[in-house]
Amino acid sequence: MADLASKLPLSPAPITPEQLEQGSSLWSDAWARLRKNKLALGSLFMFILIGLFCVVGPWLSPYDSQAQNLFAGAEGPSADHWFGTDTLGRDLMVRVMEGGRISLLVGLVATSVSLLIGVVYGATAGYIGGKVDAGMMRFVDLLYALPFTIFVILLMVAFGRSLWLMFVAIGCVEWLTMARIVRAGVIDLKKQEFVEAAVSLGLSNRRIILRHLIPNVLGPVIVIATLTVPAVMLLEAFLSFLGLGVQPPNASWGVLINEGQQNMEIFAWLLIFPAFFFALTLFCLNFLGDGLRDALDPKSAGD
Amino acid sequence: MALLEVSGLTTHFHTRNGVVRAVDGVSFSVDRGETLGIVGESGSGKSVTCYSLLRLIPEPPGRIESGTAMFDGQDLLQMTQAQLRQVRGKRISMIFQDPMTSLNPYLRISTQLVEALQVHSDIDDKAALAKAIAALEEVGIPEASRRVRSYPHEFSGGMRQRVMIAMALITDPDLLIADEPTTALDVTVQAQILEIIRQRQEKLGTAVILVTHDLGVVAGTCDKVNVMYAGRIMESGTAEQVFYEARHPYTRALQKTIPSLQKKGQKLFTIPGLPPDLAKPITGCAFYPRCPYPKVAGPVGDVPVLRDLGNGHCHAECHFCDSTAPIESVLPEDLAEDAVVGDAAPAEGGAA
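As you go down the protein sequences, you meet chains A and B in turn.
Residue numbers for the first sequence follow our numbering, so the first one is 2 and each next one is one higher.
Residue numbers for the second sequence follow our numbering, so the first one is 182 and each next one is one higher.
Keep in mind that the hints were calculated from the coordinates and are not lab data.
From a predicted model like this one, the values you see are computed outputs, not experimental measurements.
Please note: incorrect hints may appear among the correct ones.
As the list claims (entries may be wrong) - Some but not every residue of chain B turned toward chain A, in silico, with C-beta under 10 angstroms: (1) Leu235; (2) Ser247; (3) Met251; (4) Arg269; (5) Ile276; (6) Met281; (7) Leu284; (8) Leu288; (9) Gln293; (10) His334; (11) Phe424; (12) Arg433; (13) Ser441.
Glycine is no exception: its CB is placed at the ideal position from the N, C-alpha and C atoms.
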């Protein structure tokens, strides 16, 4: 035992990057588990397809989403207009694509905003603890207590309608849950020895939060994020439905569904196509979120 | 002057059930290159003493009430957070009990080793990585240059504790605090880890505070020993003094509990009773209720003071019990009876 160290090569040959074993991180393990989950992987694939359809589609389509053609109003699906046209003769397929752009943009941007604020806020509150934590979380409670619809209406009245305002409004609401989840996770982690070890190494609070705590709570956070995207899209649809969100002639899936439901007894396709894409996206994200939850936390997987 | 001089260290926890006096007026010193062992039962304040030195006690509920810890001329207990960060990891490092949880599971070993280095010195990534690999080699991790990019979960417990040691020593600290570094490991690995700590200490001249409840470990590795009980030091001195000339009943009783020093087939000796509830004030000797010696005075009175025998060997003055006789003479009867039963059944034991 005494000569254990002396038996080892003391002057190693210079290392080349190829020689470095990269190790398999918990992330790559999780990815391996996710790949086995057909439903989640299919959902991810489908979600990417929908995204491509919405982002690239309008450039390939011969139609302009806002060009009206009253002679071709409210026609059913045909070879010219695959999804048919709406009551003003606009091609529904292009409108679904462009509506998807807005809906996905709202979903992703608002989720990212809420992710950023929520994670940093929650981790800080949880790590520092004590009075700081109490104060910060009471502020969260305060925002929780604000009725969402009234809050948005007030914002709209004060600043006028705009897409960016909607990001702010939705982001303001969605980061609260994120902050609570991250805070709970960090409080749990704080007691673990690696955090103590990090303190004993002389690391600053900032560094401990950013480098040691946040990566450890990212698992649940990613899951919540994938489930937040559909929630945000629903909120956007709800706001647009109330006339507070995206305004015609711009379209979002919420707006299109609203228009569709007004005419659904006569021109059913106006409701069916946007609703189909919306529902499909929500399904995909929910399945993906479920799959991620199982992949990132093998303990919760049923088998 | 010693590298670290702790005097009157008192750490209390203010809980809902009252004030827990986890550490109550502890004084000791550690010199460069020296190993100090702190032994005692669970809850005797060993770990809290160490955590207090680096101010790792969660505050609240914990609070360092009084005392000084002069480290190289500076009082650790009076430092600002910024000053503390300069000391932590750079001049005083710590190894924790459970290697399974003391490494960040999401960061590569290399990242964690390099971080410890880069926080305290201006060293470029390449040099830091080279140093990290060298540090891993020095603690006996085979193929360190390849494995440095691994993640903690790819290492066994013993390997992880080696990584922890490498991480703690990579900055060449003056003092290493090892809080039960081998408790979570199996016996063969324990010896290796202690050997590595000893080797590194010899090479770097690091002072070591080794917290343990394993007296065998203390006997084998420590120069000086503090025996703690109920947040106080019961006896201190060189390892020889504490082991061969133990004065305090608690130290003697602790030694009796070492299984390998007992006869085969004999019932293992345990100190009867439980350590006192530290949330209640203790008068007199904290060990009084469990002391096997004949009582000569009631448990009330002042807390015994440490008496120095003149050669650095100190022990809490024991004037509540008559502790002049060797401990064997005052052990309970049933131990002797069990010894007979044990001797009568060697055939059974041999067959099994």
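Starting from the hint list further up, note which numbers the structure goes against and sort them upward. Hints 2, 3, 11, 12, 13 contradicted; others consistent.
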